[in-house]
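Chemist: Sequence:
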Amino acid sequence: MGTLLETPEQECLKQCLVEEDTEAWQTDPDFSGLKRVGGVDLSFIKGDEINACAQLVILSYPQLEVQYEVSEMVNLSAPYIAGFLAFREAPPLLQLLQRLEKEQPSLILSLSLPLSLYQSISLTLGQALRSSGSSTKPVYVSVGHRISLATAVRLTLSCCRYRVPEPIRQVNTHAHTHTLLF
DNA sequence: GCGACAG
DNA sequence: ATCTTGTCGC
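Its first residue numbered 20, the first sequence is counted upward by one per residue in the working numbering.
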């Protein structure tokens, strides 16, 4: 985040960030070649700051039907601090991706293309868009790795049945469900 | 001191 | 993030 101080780790990651398209499907008008899209999230319970439910879903593309989902209760080591979200949430989410790789090798995302969506974000790093027909609330799409902002926005729109992109919407549903069970 | 501030 | 159910409308 522009105004915030950055850690050495964050500076390093920023230098490695590739903000251009690197895959063939990204420049195809219909994203031909893209077979799956995924979403990850973390859910919490009211007064608990360390226990959370990590969730991962994989959807087919362009059908956008859930093909795989995993949930796992995790303990978060880092506290929530604006600007340092990844230090808190990335570890358990990456762990789920490794679990996917081990349990369902066929569903692995051929290349990791982080495309993050937040309820708000510095606009210098992303773009606000009206994802569904007449929705007033914008959806913010941030820059990703190995995917241009323009493509990220186009892909996000192609994943929207409703305002919230389907991968995010599905993972939220599953996350909430599983959180309520523990 | 004031405003900003992803979950 | 989380606290909460139904309800009105396209």
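Keep in mind that the hints are not guaranteed to be accurate.
[To be verified] Okay, the calculated beta carbon distance ranges per label pair:
hint : residue 1 : residue 2 : range
1    : Ser153    : Glu68     : 35 to 45 Å
2    : Ser125    : Tyr99     : 28 to 38 Å
3    : Phe201    : Ala43     : 36 to 46 Å
[To be verified] Capping the alpha-carbon separation at 30 Å, the derived lysine-lysine pairs in BS3-like fashion look like this:
hint : residue 1 : residue 2
4    : Lys121    : Lys33
5    : Lys156    : Lys33
6    : Lys33     : Lys54
7    : Lys156    : Lys65
8    : Lys156    : Lys54
9    : Lys121    : Lys54
Hints listed in this document are in silico derivations from the structure and should not be mistaken for laboratory results. C-beta: ideal position from N, C-alpha, C; glycine also.
Chemist: Hints first: check each against the structure and report whether it holds.
Modeler: A quick look at each hint next to the structure:
no.: 1; hint: Ser153 with Glu68: 35 to 45 Å; result: 37 Å, holds
no.: 2; hint: Ser125 with Tyr99: 28 to 38 Å; result: 35 Å, holds
no.: 3; hint: Phe201 with Ala43: 36 to 46 Å; result: 42 Å, holds
no.: 4; hint: Lys121 with Lys33; result: 29 Å, holds
no.: 5; hint: Lys156 with Lys33; result: 29 Å, holds
no.: 6; hint: Lys33 with Lys54; result: 28 Å, holds
no.: 7; hint: Lys156 with Lys65; result: 25 Å, holds
no.: 8; hint: Lys156 with Lys54; result: 29 Å, holds
no.: 9; hint: Lys121 with Lys54; result: 19 Å, holds
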